[in-house]
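Undergrad: Work out the full structure, taking the sequences as your base and the hints as a guide.
Those protein sequence lines, which keep their order, are chains A and B. Take the first sequence: its letters are residues 1 to 585, numbered as in the numbering used here. Take the second sequence: its letters are residues 1 to 148, numbered as in the numbering used here.
Bear in mind the hints are in silico, worked out from the structure with no lab data behind them. Remember, it's a predicted structure, so these values are computed and weren't measured experimentally. Note that the Cβ used here is the ideal one computed from N, Cα and C, for glycine as well. Among the hints, erroneous ones may be present.
[Said to hold, decoys possible] In silico BS3-like pairs for lysine-lysine, Cα to Cα no more than 25 Å straight-line:
no., chain 1, residue 1, chain 2, residue 2
1, A, 526, A, 207
2, B, 21, B, 9
3, B, 54, A, 526
4, A, 490, B, 46
5, B, 54, B, 42
6, B, 9, B, 84
7, A, 513, B, 5
8, B, 139, B, 84
9, A, 276, B, 5
10, B, 53, B, 42
11, A, 276, A, 513
12, B, 21, B, 53
13, B, 53, A, 490
14, A, 490, B, 54
15, B, 21, B, 54
16, B, 21, B, 139
17, A, 283, B, 5
18, A, 513, A, 490
19, B, 139, B, 5
20, A, 490, A, 283
21, A, 283, A, 513
[Unchecked claim] Some, not all, of what chain A presents toward chain B, calculated at C-beta under 10 Å:
no., residue
22, 496
23, 513
24, 516
25, 536
26, 537
27, 539
28, 540
29, 541
30, 542
31, 544
32, 545
33, 551
[Claimed, not checked] Negatives, chain A to chain B, calculated, CB over 10 Å:
no., residue
34, 58
35, 101
36, 118
37, 231
38, 374
39, 469
40, 486
Spelled out, the chains give:
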Amino acid sequence: MNLKNNRGSDSLSRRLIVVIGVLLCAFPFAAWAVTVTGGNGEHGNDLDPIVRLMLQLAVILIAANTGGYLFRRFLHLPSVIGEVTVGILIGPYALGGFDWPLFGTPFPLGDGMIPVTTELYGIAVLASILLLFVSGLETDVGMFLRYSVKGTVVGIGGILFSFLFGVWCALWFNLADSFMHPTALFLGAISTATSVGITARILSEHKRMDSPEGVTILSAAVLDDVLCIIILAIVTGITRVEQAGGVISWSEIGWIAGKGILFWLILTSIGLLTAKRMARFVKTVRNPSTIAYISLGLALFMAGLSEMAGLAMIIGAYISGLAFSQTDLVDLIQNQLHNVYHALVPIFFCVMGMLVDVSAMQGMLVFGSVYTVIAVASKVLGCGAAGWVTGFNARGSLRIGLGMLPRGEVALIVAGIGLAAGAIPTEIFGAAIMMTLLTTLAAPPMLNIFLRGGPGMRTKNVEDEPAASNITLTFPSYDIAEFLMNRLVKAFRIEEFFVYRLPVDIPTYRVRKDELSFTIVQDADKVEITIMAEGADIARYILLEELLSLQDLFEACSEIKGLDEMRLDIIKGAIEPTPAPEEKA
Amino acid sequence: MNIRKILTKEVISLDMQGENKEQVIEEMLDMLTAAGKVTNRKAAAKAIWDREKKMSTGMLNGIAIPHGKSDCVDSLVVAVGVHKNGVEFQSVDRQPAHFLIMTLSPANRTGPHIQFLAEISRQLNDASIRDRILGATTKDDVIDILTG
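TA: If you want it as C-alpha cells, here you go:
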C-alpha cells in the first residue's frame, strides 16, 4: 500500500514538474502575444510597468514555488534555499537579464541601487513586512521570560561575537576603512540574525525541544531577533548620517543608538500596553479574516511609521507582531494570514536571489567563503562560550552554538536594506547571501550528529520549571479519543475561546482566550491537555462536563434500534425490494 | 469577565435554610424565579437535576456548583447561596457544602458559561475569601468579595 502511495506520489511529482515546465515554456509565447497584440515594443522591453509586474510575478511565483518544492522533495533541503537559488538563476544578472527571442528581457536591471524594478521591489518589501510581522507573532515572550537568564547570556554572546567578527571581516578585506563604515556595520548586522526555524524542526525530530539546550536556543532566539532589529535601527541611522556627508562622532553614535533604542522601547511599550485593548476593539468585528487583515493593516502602518522615524520598516512590523503575540488573537491572525504568507514570502526570497550579481561574485568568492567561516565560528564560539558560562558542558555548548548557527530571513532582509541604502555593493550582497545559504545548509547535518549522546549540562538543570500541568486521559480506542478531542474543541469554542489546529502531524490544538492558554494533543488513544496554572480550573471543568456528556452518548447508543432494522431502513431507499412470487399472483 | 454584571443582590442568599440537597436546590430555583431570571421553573429544575444525577456537583472545601443547560434561559443566570451550617451535597471530600453557586445557561448559545463557574470556584478556593463570605452581613459584601 505504501509502495503504491509512493509511486503515486512520484508520478504526481513528475506530472507537476511537466505541467510547470510547460507553463514556463508557454510564458515567452504569451509575452510575445502581448507584444504583438498590445504593441508594447519590439521585445517587450517597453511593456507597461503594471503588465511587466504581472508577468514577472507570474514567473517568480511559478519558478520560486517549483524550486522550493524540488529542493524540499528531492534534496531534502529547506524550500527557502530553493527559492533563493531560483531567484539567482532567473534574476537580471543571469537568465532574466538575457534578451530572449520573442520575449525580450524579463527582468531588466533597475535604474537605482536595486537591480530589479521598483514595482517588483515594492512587492518584495511588502512580503518582508509580512514575514517580520509573522515572526513577531511567533515570538514566545513567555518562553523567553522563563529561561531569561540562559537565553539572555547566550543571545548576547552570539550577537556580540558575530557582529564584531562581521565588522572585522570587512576591515580585514579592506571593504571598509573604519569600524563605523556603513559596509562594515551592515556586514556585522547581517551576521547577527539567527533563524531557529530549521533548528526547531531538528530539535523536534530528536525530541529535544524541551531539553535545556532546546529551550535555551529558543529563548535566546527571541532576544536575538530583538537585538538584531535594534542593531539594524542603529546601523541604518549611522549609515544615513554617513551618506549625507556628515562626520560621525562618538556622541552622534550615542545619540543615534539612543534614538534607535528609545524608538524601539517606546513603540514596543505602546504595542504591548495597548495590544489587549486593540485586540478587544478589533474583536468587535467578529469576522476572523477582517480581524486578521485589520491587524496586518496596523502592522503596515507601524512599518511606515518606523521608516518615517528614520528606521527600517521591518522594525515596526516586528513590533506589531510582538504586540499581537500577547493577545488571544495570535493564532487567529496566523491562521488567516497563512495563505497570503505562503503566496508572498517565496516572492521575497526569490527577489533576494535576483539581487545577486553572479559575475561580480567571482571576485568575491574568497571573501564570501571567509565571511561564511567567520559567521559560523563567531556564532558557535559566542553562543557556545555563553552556554558554557551558564552551566552547559562542551557537548551542550556546541549544540547551542550549532543551533544558533542558521541565518535566515532576517539576514536576507538586512542585506536587502543595506543594498537598497547603498551601504553594501552588489558583490558584497552576493557574499552575504552566500553566507546565509551556507550557514542554513551547514547547521542541520552538524546538529544531527551532535544532538546524539548524553546530557548537555555540567550540573542538573535548576531553571524554573514552567508552571504547567498535564492531564492525560487514555481511552479504549483511537476513535473514542478523537471523538472526545472534537467535543473538547467544540466546548472551548462555545465558551468563546479561540481554537486553532497547529500544523503538526498529530492532532494538536492551541486554545486561547485573554491570558488563558491550553494545548490539547491527541496521541493515538490518549488525549493530553497541557494547562498553565492560571487557567487550570476552566479546562478541568470543561473536561469533566465533556466526559459526562460522552457517558450520556454511550448510554444513548444502547437505545439505537437493531442494526438489521437500521440496515433495512438505509438500503430500502437505494434498492427497491422485489415482491415475493405469491404477492405478484 | 464581569461578575458584577451577572451577580445581583436578588439572587444572593446569606441564610440558606434547606436541610438537604433537594431543598437547597429548590430554594435557589425559587430565588431565580422570584428575581424573574427564570420563567419556566420546571425546565430549569430538570436541567439542574439532569446534571446532578450524572455526577454530584459537590466539590471540595464546602463548594457546590449545581448547574445545567437549558433553553428556558436566554443568557447565563446565576444564584449564590451561603449555608452557615452546611448541607450534605455528596461532595468529593464528603464535607458539607457552605457555598452554593447555581448557574443555568442556554443550551446552544456561545458564552463564558463554564468559565464563570470556574472563576467563582477559583476565588472560593482561597480560605480567606471563604471565611469573609461566611462572615458577610450584607449581600453587597458578598458581591464585593467575589468581585474584589
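Undergrad: With reference to the structure, classify each hint as holding or not holding.
TA: These are the hints, each one checked on the structure:
{"no.": "1", "hint": "A:526 - A:207", "result": "holds (19 Å)"}
{"no.": "2", "hint": "B:21 - B:9", "result": "holds (23 Å)"}
{"no.": "3", "hint": "B:54 - A:526", "result": "holds (24 Å)"}
{"no.": "4", "hint": "A:490 - B:46", "result": "holds (24 Å)"}
{"no.": "5", "hint": "B:54 - B:42", "result": "holds (19 Å)"}
{"no.": "6", "hint": "B:9 - B:84", "result": "holds (18 Å)"}
{"no.": "7", "hint": "A:513 - B:5", "result": "holds (20 Å)"}
{"no.": "8", "hint": "B:139 - B:84", "result": "holds (14 Å)"}
{"no.": "9", "hint": "A:276 - B:5", "result": "holds (21 Å)"}
{"no.": "10", "hint": "B:53 - B:42", "result": "holds (16 Å)"}
{"no.": "11", "hint": "A:276 - A:513", "result": "holds (11 Å)"}
{"no.": "12", "hint": "B:21 - B:53", "result": "holds (12 Å)"}
{"no.": "13", "hint": "B:53 - A:490", "result": "holds (24 Å)"}
{"no.": "14", "hint": "A:490 - B:54", "result": "holds (21 Å)"}
{"no.": "15", "hint": "B:21 - B:54", "result": "holds (15 Å)"}
{"no.": "16", "hint": "B:21 - B:139", "result": "holds (23 Å)"}
{"no.": "17", "hint": "A:283 - B:5", "result": "holds (20 Å)"}
{"no.": "18", "hint": "A:513 - A:490", "result": "holds (14 Å)"}
{"no.": "19", "hint": "B:139 - B:5", "result": "holds (15 Å)"}
{"no.": "20", "hint": "A:490 - A:283", "result": "holds (20 Å)"}
{"no.": "21", "hint": "A:283 - A:513", "result": "holds (12 Å)"}
{"no.": "22", "hint": "496", "result": "holds (5 Å)"}
{"no.": "23", "hint": "513", "result": "holds (8 Å)"}
{"no.": "24", "hint": "516", "result": "holds (8 Å)"}
{"no.": "25", "hint": "536", "result": "holds (8 Å)"}
{"no.": "26", "hint": "537", "result": "holds (4 Å)"}
{"no.": "27", "hint": "539", "result": "holds (8 Å)"}
{"no.": "28", "hint": "540", "result": "holds (8 Å)"}
{"no.": "29", "hint": "541", "result": "holds (5 Å)"}
{"no.": "30", "hint": "542", "result": "holds (5 Å)"}
{"no.": "31", "hint": "544", "result": "holds (8 Å)"}
{"no.": "32", "hint": "545", "result": "holds (6 Å)"}
{"no.": "33", "hint": "551", "result": "holds (7 Å)"}
{"no.": "34", "hint": "58", "result": "holds (44 Å)"}
{"no.": "35", "hint": "101", "result": "holds (62 Å)"}
{"no.": "36", "hint": "118", "result": "holds (48 Å)"}
{"no.": "37", "hint": "231", "result": "holds (42 Å)"}
{"no.": "38", "hint": "374", "result": "holds (54 Å)"}
{"no.": "39", "hint": "469", "result": "holds (15 Å)"}
{"no.": "40", "hint": "486", "result": "holds (17 Å)"}
Violation of the numbered hints given earlier is absent; every hint is satisfied by the structure.
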